[in-house]
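Each chain, written out:
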Amino acid sequence: MALPSTTGRFRQRKISVKQTLQVMKQKDIPDLDGEEQQRELQHIETGVEKGEEEEKDLQAVMHATDAKFHGAKVADVSIPIPDASKMWVDASKYYQTKYQFPEDYLKFSSTVEDTSGCQYCMDELDDEFLIKYNSDKEGDKKCTEDEFEILMYNMERVVNKKQPFLSMDPSQILGFDEIKEIALVPDEADPTFIHRQLGTQLGIQNFRTMLDATPKIMPRPFRVLLELFGADIYPHWKGRRLTKEGNPIFPRLKFEDPSQQQRDDNDPYVCFRRREYRHARKTRRADMQGVEKLRLLDRDFRNAKELLLMVAQREVKRQKEIDAEWAVFRQRCAIKDMKRELGIKGEDQDLIDHKRRRINIIRKVKDSTMSERERLKIKVRADKKSLHKHGSSASEGPDSLTAQLRRQQQKQMAQRAGLASQESVAPPPVQPYVKLPSAKIPDLEMTTVNTVLKDKLDGIKKAVSDKLIKRKLQDEGWVNFTDDPYNPYFDISPNGEELLRERSHLPFSSIASSTYTIQDSRQIDFTYVFSNSKHYSNNDSEIVKVNAATGQVIRNDRHNFMPAFYDLAGKDGDDSEDYGLNKGSAQESFYEKNRLNVSEVLFKLRKRIGRAGCQWIDRKRITDSKDYQKYLDEIEDEQLVEDEPMDLDDESEKSVEDIEEPVEGTRKRVNVYDSRASVKRRLKSRFMFDSDLPAFDPVDPSRLNQIDPQTQEIRFGCMLLSKAYDGMHQIRQKQIEAYQQRLIHQQKLVQQRHQRLHGSGSGSGSVNGSVNGSANGSANGSANGSANNSSGSKSSNGTNGSISAQLQLPDNSTPRKGKSIPKRGVTSKSLQSPIKEVSKQAQALKN
Amino acid sequence: MSDSEDSGSDPEEARRLTPPDPTEDEQFKPFEMVSGCQVYTEKNGKYLLAEVLGSQLRKDKTVYYVHYVMYNKRLDEWIDQDKIDFHRPVYPPRPQEKKEKKHKKKSKKKSGGEIRTKAQSKHDSLKEDEVDLDNLNVQGLIKESEKLSRQDELEKLRTGGSMMQSDVHATARMRNFNKVFIGNHEVEPWYFSPYPVEYTEDGVLYIDDFSLQYFSSKKQFERFRTKSTLRHPPGNEIYRDDYVSFFEIDGKKQRTWCRNLCLLSKLFLDHKTLYYDVDPFLFYCMTRRDEFGYHLVGYFSKEKESADNYNVACILTLPQYQRHGYGKLLIQFSYELSKKEGKLGSPEKPLSDLGLLSYRAYWTETIVNLLMEGSISDISIDEISQITSMTTTDILHTLQTLSMLKYYKGQHIICITDQVIVAYEKLQKKKRHLLDPSKLVWKPPVFTAAQLRFGW
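Just so you know, the sequences run in chain order A and B.
For the first sequence, position 358 (counting from the first letter as 1) is numbered 358 according to UniProt numbering, and the numbering increases by one without interruption.
For the second sequence, position 393 (counting from the first letter as 1) is numbered 393 according to UniProt numbering, and the numbering increases by one without interruption.
For reference, chain B alone in the conformation it holds in the complex (with noise of 0.2 angstroms):
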């Protein structure tokens, strides 16, 4: 988000990160909170800067949606009136100055050279402009009213429209479930996904476990599952050993369901973007076998035709499976796939933060037991590149990080410290599971250019 990239870059925000000490008087009333604007919130005792996003009356109580600055979207939530401290000060929003570019090159797009002599002429052509485009208008009046008085400007957007206006940017900002019952399974959601918007007025949905069908009403989930005979993804399964079974699923082929993974999947993951269909892609589906079928851990999307060399578009264990070393495995399965195809491979960007982190381990896993088992004298990035089908640049970083780099006499060498020797005696030890790559049943698929085509 761009709002975030601001905020770190201005040095004005940086300093409201500690919060100010209070006044003895309220210096705002609630009705003076817009959306966008920054105020400070008690949490487990500390008191945090964070945005608000919205607000709900829920029984004669407001409520308000925050998101803490500087913390992941995934612990932003709903708190009530009182935790916010009225004695701090409040932050306007900032102006959406990007945004405005943003739509401002679309409105130039979409009718030519004709606004853009008129963009020139600032003020009237902004308000020309502002008519087409609902949201907008809203933003628009904020910038004015950067030189207008706090007063007048609070009073302005209220007037102009509550905080609850249908700003597009701060619903996808928000959360739109509460709890998200899959399997035996009660999850709570961490963004915003684009189930039908009518299902997000209970914020409850059941999904089956096995067709990820959704529904906010439990007679008619009740009444699918009876139907339902689905009892694992629906493809070829490919991986099998006694721990986990990889499904290999053909977006183009199985495009409900592929789908619905996607909206699956978006509830837990920031940066996926379910702008465009799932027929591009590939998905890898790692299940777990019990007497009922094979029930979904996790999964990653993989295009089926990369320009970037990406072995993976999208990554996800589901929260319920998290931490117990799934990620690793899907991981690890991503790079047997390259292997297989003879590639190197890479995630595609950006990485979420938990992303980084479980690439890193399984990177740093990966060259350590390489350097290690095989009592290697020398070796070049290249040569364990063609081993792992890790990039170059993914081994670097991950050598870099772990600072077994080293420069030595006049040349560079791979250096394994005593941190690096403790924590693979520490991996040893800890006995995971690992995937068996001769029970990788698999051929790379090849697709025609025709099918590469993904439009109607």
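Chain A with its partners taken away, still in its complex shape (with noise of 0.2 angstroms):
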């Protein structure tokens, strides 16, 4: 708080916007503090520049104010201005027209250019030549001051725009031949080009808007003003433009010059100059959206003008159809005067207006380049028009007609009514077109590349889904029980390559084993499909019934089309529940049963050395291990009663045919001396005891890792960008080359202490040949014919080729002992494994 100082001073006290300060009346406060004490709070300028406000007349003022309001009588004092009282007498000469004021506020915006007519006024000098241009001239030859003022303003304007820098030389100035060539150009800059095209456009002479003035006298259209007068008034335009060095006859304001570097400050009659402002960024998307916004902008600008124009079109349509009325109405009107003077009766009929028949516009209208809603609407209000009119019409007939004429005219009615509602009833052919309001207009964005993907994504999700939709409608009553028939067809045939490769130095990837449901029909178990119709639908079991003795889909809904296969944005949650769900039910999953894992070994290659040092090479499925034991087993028990020897390949043959179609034969007593039984315990024992390849769990690695396969194939896509995947891809590689030196390095070995014990190589038959044989079914279980699976049999080539390349090597080597085969070292160890497995297996089924 501030107190009085000794000197009599205050400190400054200051006051709080924020402060809820008391109101009081003087008068209830007489004990208010002294004068002294109420002292100036902080100065606040009052926002008159210093000079000025220390003139005498505002200082008077404000002291006879500042007295007042201290209670001081003062006479009223006030700032002298220069005299505003005067009227001008003549005003009333030039402001005559009466102005209509409208009932609303007013809405305008127009310029003063287009409310103001001809942008050139003529002068005295202007008016002094035309009075005596005009004063030996009659009637049509005169020139108005309106149609001079156009001639003027159009030489005016072809100079300005053709010779803007005329005034550094006029002697240039160009002749009339050229201005007159020039001025007959339209010229969209021009603003009276739009009246003019207006005008030619509806076929109306002198075209006026509602801002322009009505003159007395229309003036002539402006190239038949050029021809009248032009050739007389230029000089005096010359004269005048020369007078003026050049520059436009009547002076304009000075604009800042834009070609001088500095700005002209020293000149007070330069004004509105041009703001500077920092330009905003170019960037090449500020650029496309700019132009995309323009390109916008005129076509819709064009689109209203057009119907802008058609509007205009169809109202002078109107004025001339009223006009015609008009006409024939007067002329009626005459007739009956004549007839009445002349006695004449009856024939009145042409006097009188017969309901006027309805043009059918509708056809004109579909031709023209209207809008489709526009149409449409235009039609539907024709349409209604019409059968509105003709059931008064018919209801109330006019009297004057005959009764003959009315059925006749009823008649025709009731058959363009007829027409009329079958056009109502027919659906227009029109596609559905929402027009938004302006505002819910989304300004165009930018596309980027995201968007793009998007969308091509988007689409081809569509288009997947349409497909499949389609085929659903098309296999509408059809049970397919095939485990997906939408799926593509996977060929699923293993990469001989990946064969001989040793599979435990794979690193576990979801690559190395991604699951694939096996494509052949035939071996899918279809008690899920029956016991469980979850697969037809994704979300509810209830949806799809299926009458399992007819194979008729009951209920279907056409909803639920897309099978959760497709889900590609991978989030089915529901779907991965079911899946979980139903891993765990008493009834095995459908895909569980029959899934393969695409780089499982399909079959077992073994070779071994017969006689005479013949080498061979046994096949033998590893997937089928249980059929095929099935079908070891049956062999043991089935009664053989062919005389024909079996061979080996036979033999395999035929079991392959034989699963196609299991036959649950009765058990019988194996013959233990029947030899050919014995060949094939033999067989078994064979394959049984003796493999050359280590035995693939085929533990998916989703499954290992417990979760979802769908999720692991987002991972899988996920991991072929990633930097881990082709770091471990090189490494693989690197290994497998490793590899390869190394084998060479030995068979080289091998070859040269071959060569030191045999002195020459003997290569025994060619690889082709011994691989003849044993080649045991081919993995898409399509083997077929020839079960010799030489080089260029139909199936498989691919693994052929490859498997043969790869037996090359050790063909060539052909080594006696067995111990010192360097392959046979590396995969013995793991031989066991699979043997067990396929004992277990094989004790399963007994069991």
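Hints are computed from structural coordinates only; laboratory data are not their basis.
Any given hint might turn out to be false.
Unchecked claim - Below, simulated BS3-like cross-link-like pairs (lysine-lysine); rule was C-alpha separation at most 25 angstroms, straight line:
1. A:Lys142 x B:Lys253
2. B:Lys426 x A:Lys27
3. B:Lys431 x A:Lys73
4. B:Lys43 x A:Lys56
5. B:Lys227 x A:Lys141
6. B:Lys272 x A:Lys254
7. B:Lys340 x A:Lys244
8. A:Lys27 x B:Lys429
9. B:Lys339 x A:Lys18
10. B:Lys340 x A:Lys107
11. A:Lys25 x B:Lys429
12. A:Lys107 x B:Lys339
13. B:Lys349 x A:Lys56
14. A:Lys86 x B:Lys73
15. B:Lys219 x A:Lys141
16. B:Lys219 x A:Lys98
17. B:Lys252 x A:Lys107
18. B:Lys252 x A:Lys254
19. A:Lys25 x B:Lys409
20. B:Lys252 x A:Lys142
21. A:Lys68 x B:Lys328
22. B:Lys179 x A:Lys86
23. B:Lys328 x A:Lys18
24. A:Lys216 x B:Lys227
25. A:Lys14 x B:Lys409
26. B:Lys409 x A:Lys50
27. A:Lys137 x B:Lys219
28. B:Lys253 x A:Lys293
29. A:Lys238 x B:Lys218
30. B:Lys426 x A:Lys68
31. B:Lys429 x A:Lys73
32. A:Lys93 x B:Lys179
33. A:Lys216 x B:Lys272
Take each chain as given, in its own frame, and dock them per the hints.
Right under this line is the structure:
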């Protein structure tokens, strides 16, 4: 709190705007502190310029008011201003036309130029000239002031445009012929251009808008004027222009000269300069946006213009119609009078307006370029109108018509009405088109790569789902027992290369073992399909019911066509849940059962050396080991009738065929003495105990990690892009190369040793030959006709090729002693496990 | 103007204001007078110090354009030679140091550091600068001549260029039109306005009441009137009562009209600048209606986007309509707009003398009305500001000039003095027209950043 100091001066007491102040009347507080304690708060600027603030008149007024509020009586003072009270008596000459005030608040956007007609206003000099010029002319030969101005304006316009720097050398001024030539070329920059254009488009002479004044005499068209007076007025104009040294006849405001670097600050007549502003950073994006916006604007304006033009055309037509009607009416009046005069009675039909025939404008409109919507609207309106019209006119026909006429008309109308109703019944051939209000039309955003990609993806998704839905519709009423009929066909044939590689070295990856469903429907267990319809509808098991007997779909929800597999986004939570549930359910999952691990070894190969150093390569399927086991078992059980010698090849071939139609044969006693049976047994035991390849335990990595296979697929996709995958791939590549090197090296060693032992190497039998017969059924189970899997066989060519290529190496070496073969050494250790597995499976079967 | 500013602060010049006694002999000859010199002139029986800004030969008689020191420029006028008192001293124009500096700055900007180093070698460099700048030439000479004797100085000035030389600043200080016909009024302009220089020959302007187009030729004006159909400001009517109408006009959309308006208002506004174009402004025009149309009475311009929260840039009631309370309506309207916008507003500074008085009157009336009518017991400045849309500074300013802010029992109070009550009662009796905010049909216009960029 400020206290009065000894000097009598106060500290500034600040006043806060937020502080609540008590409002009191002076008379309520007689004990208001003495005058000296009330001192000025912080001085607040008046806002008037310092120099001006001290002007005597202002000071006088301010002191007077100050004194007034301090209680002093002062005379009213005011700041003297120059006289402005004079009235201009002539004004009424120029302001004559009355104005019609609008009822509501006025809305207006036209400019001064729009409302002031020809931009050239003649002055006294022109007037003088024109009076002189017209003095010896009569009637049409006279040039009106309006016409004169039009000519002058156009001459000025042409020269201002073509010779903007005429003042540099006025002698260069264009001649009349040149001006004439240029002036007649329509120039879009000319404000009268629009007038002229609209006039010609609508066929209105002397086109005027509401903003144009009505002249007493309509000026003739510019072209005509140019012919009539142009040559005469040109010298006058040229003279005026030249006296101005080539500058426009009438002075204009002085604007900044853009060619000058420096701002012309010293000339007080230069005004309305452009503001300097920091240019927005130009980016491709901004440019594109700008261009796009301009394009849209241009289009919109064009459309709007077109529509308006058509409206104008319609109104012109309407005007003509009214005029015609009016003319007819007057004619009739005349006839009526005439008839009365001449005493003619009857024949009044011509004097009455008959029901006008509706002109079918629909056709016409259709041809025109109106928008679909507009067309529809008009059509509907027209139809309605016609219906209404017919209805009403049919009921109350004009009295003057004879009954016959009426009947005829009614007939016609009925026909027409029928036609109309037909028209209205038929669905209009238009696309559904919803027009958004302009405010809701979004600004077009810049398309990014992301959106393009997304659109593409969406498009693909949509196409796929559309196809699927189509297929589903086609298949309606049929039950497809394949696992998923819409899956693309996978040719799951093993890569030969993979077969001889050591799998145990493979890093555990999803690439090594992604799962596919088997494409061979014959091997699919359908029990699941029938017991659980879940497969057909991914959401609700109640939606699809299949009549097991007829195979007909009883209820089908068309909206649920999309199978779960096609959820490309991979966020099909429901499905994965179901999946998990099914897994745990007593009924084994359909998927689970028929799942095939691609990288699983499809068959086993075994190489052995038979008699006379002949090499044999045996092949045995692994996946079907169970079936094969069964087959082998069956063979044991079978009573062999056939006499023909059983070739090993034939047998294996047959086994494949047998699998196709599994027969539940009744168990019979095994003929121990049957040599053929023993052959089979031997064959079986041979596979049991002798295997070249390591058993591959197909543990699905996804299962190992306890994740859903779908997720695993996503991970797989991601992995392909990752560096880790690249790295892994490289490592693997190196490993392979190293291994090959090692092999070659060892082979060389072996060869050298061999050569040392035998002198010269003697290859026995080609590789192909050795492979012969041991191909026991191809991977996809479509092995046909010839069991001879030599090169050029129809099935799995690639596989064959690669196999033979791989076999080249060991073939050349042809080692005598099994122990010395490096490959064997490497693989033999791991041979135990598959054998164990096979025996286990066999046990399980027997149980 | 910097000149008047200096004259106020200079004690020597303050002394000049009281005219010294005249001497027997003439102290100077007419030819010795130069542009910017100060002499004593007779006006209404009194002798006033006046600055001579220019001269002209009219019918063999020289007339002088004088500015009365310490009076507003609108009182500047042409006087005959016999009004000038040759028996009292003449004061030569003051050295134009300020301008000199200004020009130097500009030349520096122009050619970078080169000039700056040269400027240190005073004399020579000055002359080099002078070559470039036409107008600087004379002023530079004046500065040099300070050391010379007065006689020499005058002689030099006379020969070096008469007082009618094209001193831009003098030009802009001189009124360039004598008479303006607008509507059915004949008005004397107050200040310079940059209408085309060719029109100043006659000194008469015919201005169309509606489109504000200007002509110096009567025939042209007549022709224009027959063709023009505009009967109102070319914008949207946003307020209408039975007394006045307001129009909102966008400078960017109605460039011609707004330029015309600015040129016209420059005739009556000293501090208005037409340096820049009209694009960044909205113009709110008050009109009165009669059978011929809407006649412009006054207007105020407003920045589309004001960095300083001004709600008025320029405000003018045309002189023929002044002293009828229209100014207050304009001001009220500007605050009504601010209220709609939910902003506080204040007029752009500097205010003119008349502007300050009008605003003070409005502020006083508004605050007093608020305090008296609401019978408020306590209120903060901020609250007043929220209610009235006036800035707290303006409110404090007003309360202070009314000496309503008192210190009572250890705190500030607002004291409604007896004089205020008297003034309030007087105002109540007066029955003046006030605007009805409910008749304002207006939404604050919104502009995008691109729309607020006003370059080419």
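To see whether the hints hold, each was checked on the structure:
1. A:Lys142 x B:Lys253: It is violated: about 39 angstroms lies between the C-alpha atoms, which goes past 25 angstroms.
2. B:Lys426 x A:Lys27: Since the Cα atoms of B:Lys426 and A:Lys27 sit roughly 19 angstroms apart, the hinted pair holds (cutoff 25 angstroms).
3. B:Lys431 x A:Lys73: Satisfied, since the Cα-Cα distance of roughly 23 angstroms is no more than 25 angstroms.
4. B:Lys43 x A:Lys56: Given pair B:Lys43, A:Lys56 holds - Cα atoms ~15 angstroms apart, limit 25 angstroms.
5. B:Lys227 x A:Lys141: Holds, at about 23 angstroms.
6. B:Lys272 x A:Lys254: Distance of about 17 angstroms is within 25 angstroms: holds.
7. B:Lys340 x A:Lys244: This hinted pair is violated, its Cα atoms lying about 52 angstroms apart.
8. A:Lys27 x B:Lys429: It holds: about 22 angstroms lies between the C-alpha atoms, which stays within 25 angstroms.
9. B:Lys339 x A:Lys18: Holds, because 20 angstroms separates the two Cα atoms, which is no more than 25 angstroms.
10. B:Lys340 x A:Lys107: At roughly 20 angstroms apart (the allowed maximum being 25 angstroms), A:Lys107 and B:Lys340 satisfy the hint.
11. A:Lys25 x B:Lys429: OK: A:Lys25 and B:Lys429 at ~21 angstroms, within 25 angstroms.
12. A:Lys107 x B:Lys339: Status holds; Cα separation ~23 angstroms.
13. B:Lys349 x A:Lys56: Roughly 20 angstroms between the alpha carbons, so the hint for B:Lys349 and A:Lys56 holds.
14. A:Lys86 x B:Lys73: holds (21 angstroms)
15. B:Lys219 x A:Lys141: Holds, because 23 angstroms separates the two Cα atoms, which is no more than 25 angstroms.
16. B:Lys219 x A:Lys98: Holds, because 21 angstroms separates the two Cα atoms, which is no more than 25 angstroms.
17. B:Lys252 x A:Lys107: With a Cα-Cα distance of about 17 angstroms, the restraint between B:Lys252 and A:Lys107 holds, given a limit of 25 angstroms.
18. B:Lys252 x A:Lys254: holds (19 angstroms)
19. A:Lys25 x B:Lys409: holds (15 angstroms)
20. B:Lys252 x A:Lys142: Violated, at roughly 42 angstroms.
21. A:Lys68 x B:Lys328: holds (20 angstroms)
22. B:Lys179 x A:Lys86: The hint holds at about 11 angstroms.
23. B:Lys328 x A:Lys18: violated (28 angstroms)
24. A:Lys216 x B:Lys227: The given pair, whose Cα atoms are some 11 angstroms apart, holds under the 25 angstroms limit.
25. A:Lys14 x B:Lys409: Holds: A:Lys14 and B:Lys409 sit about 16 angstroms apart, inside 25 angstroms.
26. B:Lys409 x A:Lys50: violated (36 angstroms)
27. A:Lys137 x B:Lys219: Given that 25 angstroms is the threshold and the Cα spacing comes to 23 angstroms, the pair holds.
28. B:Lys253 x A:Lys293: holds (20 angstroms)
29. A:Lys238 x B:Lys218: holds (23 angstroms)
30. B:Lys426 x A:Lys68: Since the Cα atoms of B:Lys426 and A:Lys68 sit roughly 13 angstroms apart, the hinted pair holds (cutoff 25 angstroms).
31. B:Lys429 x A:Lys73: Holds, because 19 angstroms separates the two Cα atoms, which is no more than 25 angstroms.
32. A:Lys93 x B:Lys179: holds (19 angstroms)
33. A:Lys216 x B:Lys272: The hint is violated at about 42 angstroms.
The structure fails to meet hints 1, 7, 20, 23, 26 and 33 from the earlier list, while all remaining hints are met.
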